[in-house]
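*Asks:* Sequence:
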Amino acid sequence: MNKFESKAKRTALIVMLGGFAFDNIEGELRRSLEASACDLLNLSLEADCFDYIALATDRLIEQSLPEGIVLSLDRPGKKFQFGERLYELLQQSECEQFVYIGAGSAPLISADDLIILKEKINSEQLICITNNYFSADFFALNSSDVFTQLSQYPSTDNEVPRALKEELNVYIEELPRNTITQFNIDSPLDLVTLNCAAAGGPLLRRSIAKWDNDSNFLSDAAKMLNDSSKQIFVSGRVGSYTWQYLERQTACRVRMLSEERGMGAAGADGSLRARSLLGQVIESVGANKCFTEWIPVLCDAAFIDIRPVLAHLKWSTSVEDRFNADLLRPHKIQHSGLKDLVIAAKNSSVPVIIGGHSLVSGDLMLLNDWVWSIEE
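Numbering (my numbering), first residue to last: 1 to 376.
Everything labelled a hint here was simulated from the structure, so no lab data went into it.
In silico lysine-lysine, DSSO-like type, Cα no more than 30 angstroms apart, as pairs:
hint: 1; residue 1: Lys-346; residue 2: Lys-230
hint: 2; residue 1: Lys-289; residue 2: Lys-332
hint: 3; residue 1: Lys-223; residue 2: Lys-339
hint: 4; residue 1: Lys-120; residue 2: Lys-165
hint: 5; residue 1: Lys-314; residue 2: Lys-339
hint: 6; residue 1: Lys-332; residue 2: Lys-210
hint: 7; residue 1: Lys-289; residue 2: Lys-230
hint: 8; residue 1: Lys-289; residue 2: Lys-339
hint: 9; residue 1: Lys-223; residue 2: Lys-210
hint: 10; residue 1: Lys-314; residue 2: Lys-332
hint: 11; residue 1: Lys-346; residue 2: Lys-314
hint: 12; residue 1: Lys-314; residue 2: Lys-79
hint: 13; residue 1: Lys-346; residue 2: Lys-289
hint: 14; residue 1: Lys-223; residue 2: Lys-289
hint: 15; residue 1: Lys-346; residue 2: Lys-332
hint: 16; residue 1: Lys-339; residue 2: Lys-210
hint: 17; residue 1: Lys-210; residue 2: Lys-346
hint: 18; residue 1: Lys-165; residue 2: Lys-79
hint: 19; residue 1: Lys-223; residue 2: Lys-346
hint: 20; residue 1: Lys-9; residue 2: Lys-120
hint: 21; residue 1: Lys-9; residue 2: Lys-165
hint: 22; residue 1: Lys-223; residue 2: Lys-332
hint: 23; residue 1: Lys-289; residue 2: Lys-314
hint: 24; residue 1: Lys-339; residue 2: Lys-230
Model the full assembly from the supplied sequences, consistent with the hints where possible.
*Replies:* So this is what it looks like as structure tokens:
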């Protein structure tokens, strides 16, 4: 067990925001991420447990920053590297320990949750607290110096806890996997989910309300979750914790197809190609037959992480096309194959929801919480 001197330490909160253009659907997501980040910063001031709070971003934001927050802009023309950027921020903070949270990683967190997270690293044991050991969205470490001892800068936030454990034997504690710790914003569909459940901070809720979004298609599917006479089909990069949650917390029957977990990491060196059973079905019989004939026989509603299917089909699709697919807007999709797939999904006699990994993780959890709450 790694131990070191325990004394009152200065603690930094680092929030990072970046990526996405400011036009079209990416712009809507970007503005909502800014709002989510500012909600988080306001909560951090309310928690009053951090000595240094910074928002690191790739460009100036449209939201007004709360007073007392340090705005740190990425250096123009310099390629972003997550670990290197975090190291720079820690050096600037001069804090002995830190909490890191991505801008869209904790839209449901409370000030009390931040206080608890900070208290957990006030330990004699060298420890990292995270929401997910294998793919972190946020983490806290009670030694900034230890982060700098990694042999190379982590390329993403997802890999930090695992790198700390495997290389430096840092003790890792995972927070309970629940809606608060697992819900994060990766796609406009996540915003629709928040809108459907009337969840999120005030600035985020206000941002979501400004854009044209219809949540009826999602709420219709979600209402199957607490109906014992219904069955749902969940497909994609489904983790065991989501499966367990659905088995325990939903009333409906669940048909599950979990495939291509760790798809990004496994194919990072180009040696492995994604293989999807659902992708093979679509490849064999066509999207129209799959969604209008096969899916309705299997379930009353389908929740599909479509990214493994796209990888299997080797379709090179733009971020904007994928986001419009998530919102079932085929008329705004340029890729002909993806457009036809979304049309087929919309033409299904049962609700078909397509999205990314977050759909079959935090989104399903929040939707289930919501449908039970409206019955109470």
